[in-house]
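Asks: Sequence order for the protein chains is A and B.
Per my numbering, the first sequence starts with residue 3, numbered consecutively.
Per my numbering, the second sequence starts with residue 701, numbered consecutively.
Read the hints as simulated data drawn from the structure, not as lab findings.
If you're wondering where the values come from, they're calculated on a predicted model, not measured in any experiment.
Don't take each hint at face value.
With a cut-off of at most 35 Å between alpha-carbon atoms, the simulated DSBU-like pairs for lysine-lysine come out as follows [claimed, not checked]:
(1) LYS709(B) / LYS69(A)
(2) LYS58(A) / LYS714(B)
(3) LYS757(B) / LYS795(B)
From the derived model, a few chain B residues whose C-beta atoms are all more than 12 Å from chain A [claimed, not checked]:
(4) LYS714
(5) THR720
(6) SER722
(7) GLN741
(8) ARG744
(9) ASP759
(10) SER765
(11) THR777
(12) ALA781
(13) THR786
(14) ILE810
Derived Cβ-Cβ restraints for the label pairs, each shown as a range [to be verified]:
(15) SER722(B) / PRO16(A): 39 to 45 Å
(16) TYR710(B) / SER28(A): 18 to 24 Å
(17) TYR73(A) / PHE712(B): 37 to 43 Å
(18) GLU769(B) / ASP80(A): 44 to 50 Å
By construction, the Cβ of each residue, glycine as well, lies at the ideal position given by its N, Cα and C atoms.
The lines below spell out each chain.
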Amino acid sequence: QKEVEQDPGPLSVPEGAIVSLNCTYSNSAFQYFMWYRQYSRKGPELLMYTYSSGNKEDGRFTAQVDKSSKYISLFIRDSQPSDSATYLCAMSYNAGGTSYGKLTFGQGTILTVHP
Amino acid sequence: DGGITQSPKYLFRKEGQNVTLSCEQNLNHDAMYWYRQDPGQGLRLIYYSQIVNDFQKGDIAEGYSVSREKKESFPLTVTSAQKNPTAFYLCASSKDGMSQHFGDGTRLSIL
Chain A
3 QKEVEQDPGP
13 LSVPEGAIVS
23 LNCTYSNSAF
33 QYFMWYRQYS
43 RKGPELLMYT
53 YSSGNKEDGR
63 FTAQVDKSSK
73 YISLFIRDSQ
83 PSDSATYLCA
93 MSYNAGGTSY
103 GKLTFGQGTI
113 LTVHP
Chain B
701 DGGITQSPKY
711 LFRKEGQNVT
721 LSCEQNLNHD
731 AMYWYRQDPG
741 QGLRLIYYSQ
751 IVNDFQKGDI
761 AEGYSVSREK
771 KESFPLTVTS
781 AQKNPTAFYL
791 CASSKDGMSQ
801 HFGDGTRLSI
811 L
């Protein structure tokens, strides 16, 4: 079993829809949770970064972490064609020691928002 | 503009050949990372470096080597021992070890 599981999709939605992207994980030691967006032939860019359980909102994006269920989500409201990309979840144990900055990524979900 | 520059964008390797991928950053970040991305497998960590002259193996280091002689540079060599090198290679850097900034990658193919 992989440490981080993410439904690869692909996911296709109409413009304006609410999108829900999800990851589950098996290692309860993960404390830092991130979502990256990757356009075709480009490197990933950091969208959201949360620590421990709870919600974090940034514009049309909301990141949600439920540590008791080992489940994280990214919600995109009023989705736009420009949101079409691959979305990667990532997580880490801590910021220090030998695992400094060592991220474990999900497989990525391909999202298409059509006009 | 600050950022990470990876070169070349496309690279072809012949059998038995070593090739080196370049990664340069001007963000003044201490930590740098190399990942490999294959379809349907997300990103897998090859090597990472927290400071100059120090680096650690990631999850899939076999067949790869790195050096970190300067803060700005973290080149990756794909050796002939790497039997399946065809992939998209991504370099990243970080100030705090968490939020990582990525370059736009090098796509390596076998001739």
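Asks: Should the hint that TYR73(A) and PHE712(B) are 37 to 43 Å apart at their CB atoms be regarded as holding?
Replies: holds, 42 Å
Asks: Against chain A, does THR786(B) keep a CB gap of more than 12 Å to every residue?
Replies: THR786(B) is indeed farther than 12 Å from all Cβ atoms of chain A, at 16 Å.
Asks: Minimum C-beta separation from SER722(B) to chain A exceeding 12 Å: can you confirm that?
Replies: Correct as stated: the minimum Cβ-Cβ distance to chain A is 14 Å, above 12 Å.
Asks: Indicate whether the distance between the beta carbons of TYR710(B) and SER28(A) respects the range 18 to 24 Å.
Replies: violated, 36 Å
Asks: Can we trust that ALA781(B) is non-interface, i.e. its beta-carbon lies farther than 12 Å from all of chain A?
Replies: holds, 23 Å
Asks: Find the nearest Cβ of chain A to the Cβ of ARG744(B) and say whether that gap is larger than 12 Å.
Replies: Not fine: 8 Å to the nearest Cβ puts ARG744(B) too close to chain A.
Asks: The output says LYS714(B) does not contact chain A. Does that hold with a beta carbon cutoff of 12 Å?
Replies: holds, 24 Å
Asks: Grab the minimum beta-carbon distance between GLN741(B) and chain A and tell me whether it stays above 12 Å.
Replies: Not fine: 6 Å to the nearest Cβ puts GLN741(B) too close to chain A.
Asks: Decide, holds or violated, for the assertion that all CB atoms of chain A are farther than 12 Å from the CB of ASP759(B).
Replies: violated, 9 Å
Asks: Does LYS795(B) sit within 35 Å of LYS757(B), going by the straight-line distance between their CA atoms?
Replies: holds, 19 Å
Asks: Between the alpha carbons of LYS709(B) and LYS69(A), is the straight-line distance 35 Å or under?
Replies: violated, 39 Å
Asks: Say whether it holds or is violated: THR720(B) keeps its Cβ farther than 12 Å from all Cβ of chain A.
Replies: At about 19 Å from chain A, THR720(B) clears the 12 Å cut-off, so the statement holds.
The structure is inconsistent with the numbered hints 1, 2, 7, 8, 9, 16, although it conforms to all the rest.
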